[in-house]
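*Asks:* Residue-level listing of the chains:
2 protein chains.
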Amino acid sequence: MSALSEFSLIKQYFEDITTERSDVILGIGDDCALLKCPEGQQLAVSIDTLVESIHFLPDVDPGSLGHKSLAVGLSDLAAMGATPAWFTLALTLPEVDQQWLAAFSKGLACLAKQHNIALVGGDTCRGPLSISIQVHGFVNAGDSLRRDGAKKGDLIYVTGSLGDAAGGLAMKQGKLTKGIGSEVEVNFLYQRLEQPTPRVGVGQMLVGLASAAIDISDGLVADLGHILHKSGVGAQLDIEDLPISTALSTLSTEAEHLALYAGDNYELCFTVPPKHNDQVQKKLKGQCTRIGTITGDDGIVFFKNKKLIKLSGLGYEHFSTGR
Amino acid sequence: MSALSEFSLIKQYFEDITTERSDVILGIGDDCALLKCPEGQQLAVSIDTLVESIHFLPDVDPGSLGHKSLAVGLSDLAAMGATPAWFTLALTLPEVDQQWLAAFSKGLACLAKQHNIALVGGDTCRGPLSISIQVHGFVNAGDSLRRDGAKKGDLIYVTGSLGDAAGGLAMKQGKLTKGIGSEVEVNFLYQRLEQPTPRVGVGQMLVGLASAAIDISDGLVADLGHILHKSGVGAQLDIEDLPISTALSTLSTEAEHLALYAGDNYELCFTVPPKHNDQVQKKLKGQCTRIGTITGDDGIVFFKNKKLIKLSGLGYEHFSTGR
Chain A
1 MSALSEFSLI
11 KQYFEDITTE
21 RSDVILGIGD
31 DCALLKCPEG
41 QQLAVSIDTL
51 VESIHFLPDV
61 DPGSLGHKSL
71 AVGLSDLAAM
81 GATPAWFTLA
91 LTLPEVDQQW
101 LAAFSKGLAC
111 LAKQHNIALV
121 GGDTCRGPLS
131 ISIQVHGFVN
141 AGDSLRRDGA
151 KKGDLIYVTG
161 SLGDAAGGLA
171 MKQGKLTKGI
181 GSEVEVNFLY
191 QRLEQPTPRV
201 GVGQMLVGLA
211 SAAIDISDGL
221 VADLGHILHK
231 SGVGAQLDIE
241 DLPISTALST
251 LSTEAEHLAL
261 YAGDNYELCF
271 TVPPKHNDQV
281 QKKLKGQCTR
291 IGTITGDDGI
301 VFFKNKKLIK
311 LSGLGYEHFS
321 TGR
Chain B
1 MSALSEFSLI
11 KQYFEDITTE
21 RSDVILGIGD
31 DCALLKCPEG
41 QQLAVSIDTL
51 VESIHFLPDV
61 DPGSLGHKSL
71 AVGLSDLAAM
81 GATPAWFTLA
91 LTLPEVDQQW
101 LAAFSKGLAC
111 LAKQHNIALV
121 GGDTCRGPLS
131 ISIQVHGFVN
141 AGDSLRRDGA
151 KKGDLIYVTG
161 SLGDAAGGLA
171 MKQGKLTKGI
181 GSEVEVNFLY
191 QRLEQPTPRV
201 GVGQMLVGLA
211 SAAIDISDGL
221 VADLGHILHK
231 SGVGAQLDIE
241 DLPISTALST
251 LSTEAEHLAL
261 YAGDNYELCF
271 TVPPKHNDQV
281 QKKLKGQCTR
291 IGTITGDDGI
301 VFFKNKKLIK
311 LSGLGYEHFS
321 TGR
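For the protein sequence lines, the chains are A and B, in the order given. The opening position of the first sequence corresponds to residue 1 in our numbering, with each subsequent residue numbered one higher. The opening position of the second sequence corresponds to residue 1 in our numbering, with each subsequent residue numbered one higher.
Hints may contain errors.
Given that identical chains are not distinguished, each listed pair holds provided it fits within a single copy or across any two copies.
Subject to a maximum C-alpha distance of 30 Å in a straight line, what follows is the list of computed BS3-like cross-link-like pairs (lysine-lysine) [as the list claims (entries may be wrong)]: (1) LYS230 <-> LYS306; (2) LYS304 <-> LYS275; (3) LYS306 <-> LYS175; (4) LYS106 <-> LYS282.
Source of the hints: derived by calculation from the structure; they are not laboratory data.
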């Protein structure tokens, strides 16, 4: 073990992820990587850590973990409308388990390839299992999707379906409260938990159309709350319009609650000025659902079948969720 | 505790580190930071993790830990000749200890200010204590110091003194093998262990003069070995020329061994073509020591008082050292 240095570890298992990109002047293997930012574009960066037993179960499939470790960062790039370019990996491992490393790096490489994002640097060390990844992407100056642009009257959308990851986790933990679903439904929730799809393409398509965007990794209510706070507006949500998967509604009596509050949800929430609505509907057909409207008031009000309802809970915001 | 989100934590303790820089378009508080790279320059990036009980003792002073967490990254920028610009922080904490956070962030902020490097993003989560920092700097295209440029006949230099951090650690662990030093000597070694000085200014001065450079965080022999390997050359080291501090030679019988092999050493090793030697001597007077010469052979040979000697040991390269 003592002969395996940082470099040989990275080299051995992560060689395939160093996709050739002409903007990588110098990749892994010096004190720093050297990178070239395209002129006229801004660099979007985000760092996220996944810690064992906090962000993933100890028995998680390592390939899925590799996928998810990068997906959470790609989801942040998606929320800015940025195009992925490079990432770095700081990997802390209790031991050098070759099988684990091979599977983990394969899961990582597969998602990296899909998004043409190159591994340009890293650090490996011994310690409790933990993965920090920093992603880097580009966005034209002035084109980024931010949290502070929502205006009264804008329409609120989300991508995909809500609450599935939390449903999958509850199922893994034997906490699901309702019936037994089909194998397809069960696997759907597991996949949503362990191999989320970052909405990178959607984010890019929203540039110039959305007035604000965020990824709802802390849950819809908490993250929409950030848009409202930064933009100085409020929101009306139409509960019956929340996109809830058949799998989740079949398997949980709490589907609505999870859709509103549960985190680990790598979907985008975005707001669209009415004048761009037709274009968004056309461009993103089937990829997003309108769930409400931005108001001039403070906070969020909930409607169900056109009636104002009261909901408890302030969102899914806790110390350990750092997405 | 549950009400303290990632964002409020970062905001509270790390606000002072968000030094105003005109190239930070959007700092902490959105899905990504948005940054502007200067035209004609390359972006140098490096990520490093410090894990409790692997890279630092559990009772380390949190202010020193804040300093060191950033210093290891700055040392990588120094080794490329880059000018520091931005950093991100992924902080995993077992609990929210306000006193600890205040001291840690103060140590971090103090060093950040010295180098005009701004905190632009981060992630905090619960888990075993661990700190990952990614640093970003700029270097003119073609000007970076790399590992692959050393040529036969170049002179080999190091900054500062060698082996002090390892001496300080041995002292903390009650493993020092010789006598008792003065309080000043003891504190010197502790400071070299816990608050290393990254040689950022030296790195920048070497641009255009040095043919290769590396930071010797894995130890002189191991890291010089990387230069030799990448450059396809060998080296002769003159043992009696190794810069060893009075504190280390007073307190350890193994000073020479530590100087050659011990890691956690945030000094630079660099090579200088003979034609630039006078200029380096003049510019870096008192900041560096010549320790040998690049040869056309493979590997390193050691000389002591002009006689070839044999040394065992292949350097300080182990799984847990990820600097």
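*Asks:* Which numbered hints does this structure break?
*Replies:* 3 and 4
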